[in-house]
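*Asks:* From first to last, the protein sequence lines stand for chains A and B.
Under numbering that gives the first Met the number 0, the first residue of the first sequence is numbered 0, with each subsequent residue one higher.
Under numbering that gives the first Met the number 0, the first residue of the second sequence is numbered 0, with each subsequent residue one higher.
In case anyone wonders, no lab produced these hints; they're calculated from the structure.
Just so we're clear, the structure is a prediction, and the values are computed from it rather than from any experiment.
Here a beta-carbon is modelled for each residue, glycine too, at the ideal position from N, C-alpha and C.
Check before you lean on any hint, since a few could be wrong.
To be verified - Simulated restraints on C-beta separations:
| no. | chain 1 | residue 1 | chain 2 | residue 2 | range |
| --- | --- | --- | --- | --- | --- |
| 1 | A | N155 | B | Q442 | 45 to 51 Å |
| 2 | A | N242 | B | K342 | 44 to 50 Å |
| 3 | A | I234 | B | P443 | 14 to 20 Å |
| 4 | A | I234 | B | V429 | 23 to 29 Å |
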Amino acid sequence: MRSSKEKRISKSSLILFVYLGIALATSLNPPELFPKETAEKKSAPSRETGKSIEKKKNGLKQKRFQIELCGGFSTLNLSDYNLLADYDFQTQNFFYDVYYDYLRDNGQISSWSKEQDGKYKKIKDVIPFGFRFKIYLNNSIAFSVGFKYLSRNHTNDLDYQYVITENNGTQYIDNKEFSPYALSVRGHAEMAGIHFEKKIKDSIGIEAYFMGGPLFVECVYMADWLYELWYIDDIYTLLMYDNDSMLEESGTGTGFVLDFGGRINIALKHNLGLFFEGGYAYQVAKKISGSGRETRDNSTTSWEGEWGIIEENIQTPWGNLELQFPTNYWEGWSKDLKIRDFKLDLSGFQMRIGVSYKF
Amino acid sequence: MKRFLAVSVALLFFMYCQSEFPQSEYPQSESPQQESQSLPCEAGFITVEPVDFYFHYQSYFSRLALRSSAARIWYSFHPADQDCEEKPLFIFFNGGPCGATSSGLWSFNTSKMTLDTSLENGGDEFIPNPVSWTRLGNLLHVDSRQAGFSYNLMNSPQDWEERFKEFNAQNFNIYIDGADFIRVLLKFLSDHPEIQKNPVIITGESYGGIRSNVMLHILLNYKDYANGKEIYQDYDLVDKIQAHYDTVFPEYTNQTVPPEVITTQFSHQILIQPAVSYSNQHLVTGEILEQEGSIIYQIAEEEGVEFIPSWQRPSSDPLSDPMNNISDFMHNVAERDIYNYVKPEDWFWDFFYNAATLLRTTENLSIVTGVDVTSIASLYASARVNAYRIYNESSYDAENTVNQETNKVVSFEELLFRTMARKEAKLSAVEPGDMSEVFGLLQPWDRYFISLNYDANSAFHRNIALHRGYDVNFYAQICGSMFLKNVAYVNTFITDASYDIVVYSKAIPGSLALHTDILESSIHDIEPQGGEKRGGRIILKYLPDAFPDISGLNTRTIRFPLYATSGHAVSITQPAELFSDVSDWLADTGLGDIQ
Numbered sequence: 000m001r002s003s004k005e006k007r008i009s010k011s012s013l014i015l016f017v018y019l020g021i022a023l024a025t026s027l028n029p030p031e032l033f034p035k036e037t038a039e040k041k042s043a044p045s046r047e048t049g050k051s052i053e054k055k056k057n058g059l060k061q062k063r064f065q066i067e068l069c070g071g072f073s074t075l076n077l078s079d080y081n082l083l084a085d086y087d088f089q090t091q092n093f094f095y096d097v098y099y100d101y102l103r104d105n106g107q108i109s110s111w112s113k114e115q116d117g118k119y120k121k122i123k124d125v126i127p128f129g130f131r132f133k134i135y136l137n138n139s140i141a142f143s144v145g146f147k148y149l150s151r152n153h154t155n156d157l158d159y160q161y162v163i164t165e166n167n168g169t170q171y172i173d174n175k176e177f178s179p180y181a182l183s184v185r186g187h188a189e190m191a192g193i194h195f196e197k198k199i200k201d202s203i204g205i206e207a208y209f210m211g212g213p214l215f216v217e218c219v220y221m222a223d224w225l226y227e228l229w230y231i232d233d234i235y236t237l238l239m240y241d242n243d244s245m246l247e248e249s250g251t252g253t254g255f256v257l258d259f260g261g262r263i264n265i266a267l268k269h270n271l272g273l274f275f276e277g278g279y280a281y282q283v284a285k286k287i288s289g290s291g292r293e294t295r296d297n298s299t300t301s302w303e304g305e306w307g308i309i310e311e312n313i314q315t316p317w318g319n320l321e322l323q324f325p326t327n328y329w330e331g332w333s334k335d336l337k338i339r340d341f342k343l344d345l346s347g348f349q350m351r352i353g354v355s356y357k358f
Numbered sequence: 000m001k002r003f004l005a006v007s008v009a010l011l012f013f014m015y016c017q018s019e020f021p022q023s024e025y026p027q028s029e030s031p032q033q034e035s036q037s038l039p040c041e042a043g044f045i046t047v048e049p050v051d052f053y054f055h056y057q058s059y060f061s062r063l064a065l066r067s068s069a070a071r072i073w074y075s076f077h078p079a080d081q082d083c084e085e086k087p088l089f090i091f092f093n094g095g096p097c098g099a100t101s102s103g104l105w106s107f108n109t110s111k112m113t114l115d116t117s118l119e120n121g122g123d124e125f126i127p128n129p130v131s132w133t134r135l136g137n138l139l140h141v142d143s144r145q146a147g148f149s150y151n152l153m154n155s156p157q158d159w160e161e162r163f164k165e166f167n168a169q170n171f172n173i174y175i176d177g178a179d180f181i182r183v184l185l186k187f188l189s190d191h192p193e194i195q196k197n198p199v200i201i202t203g204e205s206y207g208g209i210r211s212n213v214m215l216h217i218l219l220n221y222k223d224y225a226n227g228k229e230i231y232q233d234y235d236l237v238d239k240i241q242a243h244y245d246t247v248f249p250e251y252t253n254q255t256v257p258p259e260v261i262t263t264q265f266s267h268q269i270l271i272q273p274a275v276s277y278s279n280q281h282l283v284t285g286e287i288l289e290q291e292g293s294i295i296y297q298i299a300e301e302e303g304v305e306f307i308p309s310w311q312r313p314s315s316d317p318l319s320d321p322m323n324n325i326s327d328f329m330h331n332v333a334e335r336d337i338y339n340y341v342k343p344e345d346w347f348w349d350f351f352y353n354a355a356t357l358l359r360t361t362e363n364l365s366i367v368t369g370v371d372v373t374s375i376a377s378l379y380a381s382a383r384v385n386a387y388r389i390y391n392e393s394s395y396d397a398e399n400t401v402n403q404e405t406n407k408v409v410s411f412e413e414l415l416f417r418t419m420a421r422k423e424a425k426l427s428a429v430e431p432g433d434m435s436e437v438f439g440l441l442q443p444w445d446r447y448f449i450s451l452n453y454d455a456n457s458a459f460h461r462n463i464a465l466h467r468g469y470d471v472n473f474y475a476q477i478c479g480s481m482f483l484k485n486v487a488y489v490n491t492f493i494t495d496a497s498y499d500i501v502v503y504s505k506a507i508p509g510s511l512a513l514h515t516d517i518l519e520s521s522i523h524d525i526e527p528q529g530g531e532k533r534g535g536r537i538i539l540k541y542l543p544d545a546f547p548d549i550s551g552l553n554t555r556t557i558r559f560p561l562y563a564t565s566g567h568a569v570s571i572t573q574p575a576e577l578f579s580d581v582s583d584w585l586a587d588t589g590l591g592d593i594q
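Please put together the full structure from these sequences, using the hints given.
*Replies:* Following this line, the structure appears as C-alpha cells:
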C-alpha cells in the first residue's frame, strides 16, 4: 500500500515531468522555424518545390519528435534487501540443522532428518518497462524525457519438516510452512536525457544515451507461517505446540537514477522503428521508511520506522551466529544494534528492446 | 515427675494453640480482613493472570513468545506468634518441580500444626507443632502452579488434546515458575501493608533451591528481565517489581534500585537439601557415590546384593548414566529409600502421601490453615468450571502408569517421581476425604489436591522452549551462576543431610567449585564455630571480576550445618535441630530472636 506522502511525490514528479517535456518542446523547436515552413506552404500551395520533395524522400530526418516504448531485463544488486532471505535461511540452518547436529553429536538425541520444499528466494533481477519522448535537435542529437518502471515480486510457498528421534524412541516433528514467503520491490523513475545518434546505414543507426532523474522505490517483505511441534510416542501422536505468525515490513523512499548505455536503431516502415538497448543504471534510494506489522498468537503489533541494517550476534550452547539484516522495527530491536543505514539498490546492467514512432 | 511435667507442658501448649483456632471465629479468606495490630491467619488463592513473556538468544525474530495460563495459587498465611508487624516473612515452598508445599513443609514441622513425625507416615492427625516457625516470623506457604491445591484455568478444559498443550513451556519452566512465586509474594505483600516492607526469607526444599535462585536473581537484577539482557523477558513482572520497590524504597522512585538496597528486604534464603547447580551436583554425586567404599557399596553389602557401577555398563544402556544407575539400584535392587537411604523404599513418599490424604478432609484443612475453608470460594466446584489439573486421566491410572514404567526408558528425575505418580493414581478415581461432598464433584480432569503433579513435572523436561534450544531447564548451568551471584548479596543457609542421595549434599561444595569462571575455590569447612551444635560452612572464594557489576567481591560463607540422621526432608527427620540452627543463624545474621 502506498503512503499518501509517496502519492504526493509521484504527482509532483509527474507535473515536473510534463513541465520538462513542454519546456524541451518549446525551447528545442523555436517558434520561428515553423512560421518559415508555413510561409513556404502558403506561398506555394499548388506545386511542390524541390526542397519539399527532398523533405519527403528523407522523411525520417525531418521528423523532430519520437515516442518510444521498451521493456527488457535488468540484473540487480539488492545486497542489503536480500539480507532478509539470507537471515531467514541462516537462522533456520542454525536453529535446526546445526542445533540437531549438536544434540546428536552429544548423545542427547538419536537422530534427525529433514525435508524441505521451496527456498528463501532472493531478488536478483527485475523487468523494466519504459516510455520516452524524444525531441531531435538535429540528425545527431536529441533530448528526451522518459518514465521507467521496475518491478519484481518473489512470492512462493516454503515448508520444511524436521523429524527428531530421542534416545528412548520418542519422536518430535517440527513443521513450518510459509504461505507466502515474499520479497518484492518496485520502483519508477522520471528521467531527462541526451542522445547522440549516428547513421551507419539508411535504416540503421547507433546511439549513445545518458539519462538521469529522481527515483521512487517501494519494498515489501512478507512472511506468514504456521509452526507446529508434534509429539509422537508409542501411544500418542499429539500436537504439542502451534503458532501462527506473520511479519510484514514495507518501505518507500526516494533516490536518483543515472542511466547510460548504447543502442542500435532500425528504421521500419511508416515512421516506426525498432531498437535494442544495453547499458548500466545506477539506481539507489536511501532513507527508506514505512510500516510494519507482526502477528503472533492472535496479537498484532504495528509500527512505522526507517529501515536500517542491524548486526546481531546469537550466542547459544551449540555455537554462535553473526548476522546482518535490514529492519524497520525499532520497538522490537534495540537501536544500539544498528550498524548502518539501509539502501535499496536497484542498480544493474540492463537489456531492453523497444519500438519507436517518429512524427 | 519429669514425665508429668513434660505431659503437662505439652497439654498446655496444645490448649493454647487450639484456642487460636476457634471454629466459630475463622477469618475470611480471599478477601482478608485486615486488623491494625494483629494479622489473622489466612488461606485461599491468589490469582495469577495470563502473562506474555518470551525467551531469546539476543535475536528478535527467533524469540519464542509465550503466554502463560491463568492460575489460582494456593497459599496459607500464619502470623508470627508475637509482634508480627515487626517480624520477617518466611515464604515456604517444596520442590518437584510441581511438588506440593502443602503436603511437604506445611505439613511437617514448620507451621503451627504438624503431623507427628515421630510416628510412621506422620500419624493420622495434625497436632500443634512444638517448633513452629511462627516463633521466628510470619509464614507464607505456597503451592506452585498445578501442585497441591493450586490449579490452572483454561477455555475448553474438556478437550484433552487442548489440555495437553497446556502442559508446556508457557506454564512450566524455571523462569515462569519463579515469576509465579514473585507475583504471589508481591501481591500478598501489597495486600498486607503492615508487613510489606519487612524482610523476606525465602525457604525452599529440593527443587525449591532452583526456584529461590530464579526468584532472587530476578528480584536483584530485575531490570535485566525487561531490557533484553537475560534469556527470559517479562515486562509485566518487572513493572510489578518496580511498583513494589517504589513503595518499599521510595527514595529510589523512578530509579533502578541497586541489589545492595534490595537485599535489605530480600536478605536471607534457607535451602533444605536444595538443587542449586543441579547438573554439577548430578555429576559430582555420581562420581562420589560410584567410588569403591561409598555408601552405595555399603548398602549393597548390607542388603547382600551387587552394585554394578555405571562405567561397567555399555554406553547404549540408560544406566550408563551414574545417577540413573544409582537410582535404579536403590529402587530395584536394594529397595531402599533414595531420599533417606537408611529407610525402606517409599518411606519418604509415604509421609507426603499421608499428608495429601489428610489434607483432603475439610476439618483437617481448617485446622491446619486456621481458617474455615468452607469460606474459600475458589475451592468450590462451581467456581472451577474452567479448571484443570491433568491432561490425561489415564496417566493417573495405576495400571497404566505401571505399563509406562516398564515400556519406557526414563530419566533419573522421572524415575523418582513415578513412585509418587503411582500413589497419586490410587487417589485419582475417588479422592479421599469429604471435599467432593463439601465443595462439589469435580470434572475428571480436575483434582482438589495433587501432591506431585506428574504431568506438570514432565512438562519441565519436555516443552517447546527446551525443544527449540532455550536452556530453561533446571539442569542449565546458569542456575549455578545465578546462585553464586545471589550468594554475593544474600545470607544463605543450606542443610547438609547425611542420608539423602537425591540431593547428596556432600557434593554441593564440589559442584559449586566446577563454576571455574566464577570461583577460585569452594571449601567445605566442617568445624563447628562459637559453640555451634552442628558445624558446617561452605566458603566460596570468588575470582576477581567474577561478576563485573559487583566490585570488591572476595569471599562469601554459606552456613551448611550437618544433620547426621536426616534424609531429604530435614523438617521431618530433625525438625528441632533445623529450627534451632535457623533461629541461631537468623540471630547471627541480624534477623529475629526466639520468643
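*Asks:* The structure should be examined with respect to each hint, and the outcome stated for every one.
*Replies:* Going through the hints against the structure:
Checked against the hint of 45 to 51 Å, the C-beta distance between A/N155 and B/Q442 comes to roughly 46 Å, which is consistent with it. The given range of 44 to 50 Å is respected by A/N242 and B/K342, whose C-beta atoms sit roughly 47 Å from each other. Taken as a hint, the range 14 to 20 Å holds for the pair A/I234 and B/P443, whose Cβ atoms sit roughly 19 Å apart. The beta-carbon spacing between A/I234 and B/V429, approximately 25 Å, falls within the hinted interval of 23 to 29 Å.
Every hint, counting from the list given before, is met by this structure.
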